[in-house]
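The task is simple: from the sequences and hints, build the whole structure.
Residue numbers for the sequence shown follow the UniProt record's numbering, so the first one is 1 and each next one is one higher.
Just so you know, the hints here were simulated from the structure itself, not pulled from any lab data. Each hint should be verified, as a subset may be incorrect.
Stated by the list, open to error - If you anchor each label on the Cβ, the simulated ranges turn out as follows: (1) Pro47 <-> Glu77: 17 to 25 Å; (2) Thr225 <-> Arg107: 34 to 42 Å; (3) Lys171 <-> Gln46: 35 to 43 Å; (4) Asn39 <-> Arg111: 29 to 37 Å; (5) Gln81 <-> Gln209: 38 to 46 Å; (6) Lys179 <-> Glu158: 24 to 32 Å; (7) Lys83 <-> Lys108: 21 to 29 Å; (8) Gln63 <-> Arg223: 49 to 57 Å; (9) Asn62 <-> Gln40: 17 to 25 Å; (10) Gln40 <-> Asp182: 20 to 28 Å.
These figures come from a predicted structure and were not determined experimentally. We put the CB at the ideal spot given by N, CA and C, even for glycine.
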Amino acid sequence: MATMQVNTRFISKLKREKETNTIEEKINKIQNGDTFLRNQLLEDYQPFVKKITSKVCNRYINQNMDEFSIGLYAFNEAIDQYKEGQGSRFLTFADMVIRRRVIDYIRKEARQNKHVFLEPEELDEEGRVEDSYAEQRASIDHYEMDRQREIRVYEIEEYRELISKYGITFKVLSKQCPKHIDARENAKSIAKMIAEDEYLSGFLLEKKQLPIKDLLTKVSCSRKTIERNRKYIIAVALIYLGGFNSLKPYIQ
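Below, the structure written as C-alpha cells:
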C-alpha cells in the first residue's frame, strides 16, 4: 500500500510539472535536444495544425492529405526556428509559418497543374481531344486564378487583423500614406530596413511601436519625419515580416 501511495504521489508530481511547463519552455527543451518531447509535441498539436491548414485551404483537411503533411512539417520547422523573446508566442509564430508553407504549396501545385495536359497521340480525326486540351488548359488557368484570388483575400484579412493590433486601419493607412514619391520611397526603405534587422523587427513586434531612437542612428531623416510617417512605416514593415506575398506588389 505504501508503494502504491509513493507511486501515486510521484505520478501526480510529474503531471503537475508537465502542466506547469509552458509551450515556450518545452520548445527550449526540444531545441536543446529533447527528441522525445519533440515527437510528443508534434503528436499533441496535430489538431492545431489541422485547424490552421483547413482554414487556409478553406476546406476540411484530414491527416491523410498532403496539405496536412505540409502543415505538420511547417510546425516542426517553427519549433526549430522559434526564438523566445522575439515578440510573439510560439503558437502565434507557428500559425504564421504553417500558413506560409501551405500557401506556398498551393501556389506550387497551381503552377505545376498548368503543365498537365493530354498527350498528342490521343487526338482523334475530328480533333475532339484538341478541344479537350483547350478546355483543360482553360479550366486549370481558371483554377489558378481562383486560388490566387482566395489567397489574396485571405492575406488581406490576415493583414487587416495584424495591423489592427498596432492601431492601424486601412482607412487610416490610406490617409497617412506619404503623398510625395520621395517621402513614400524613403518610408518604404526604412520599413524594409526594420524587417531585415533582427533587433529592430523584434522591437516592433514586441513593443508594437517603432524603435525611433535606434532608427535615428541609422537613417538621415529627422525624428519628425519618422513620426509623421510612423503608421505607414509600420504597415509596410509588417508586410515584409508577415510574408504577405500578394501584397508586396503594392509597396514595390
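Task: Numbers of unmet hints, in rising order - done: 5, 10
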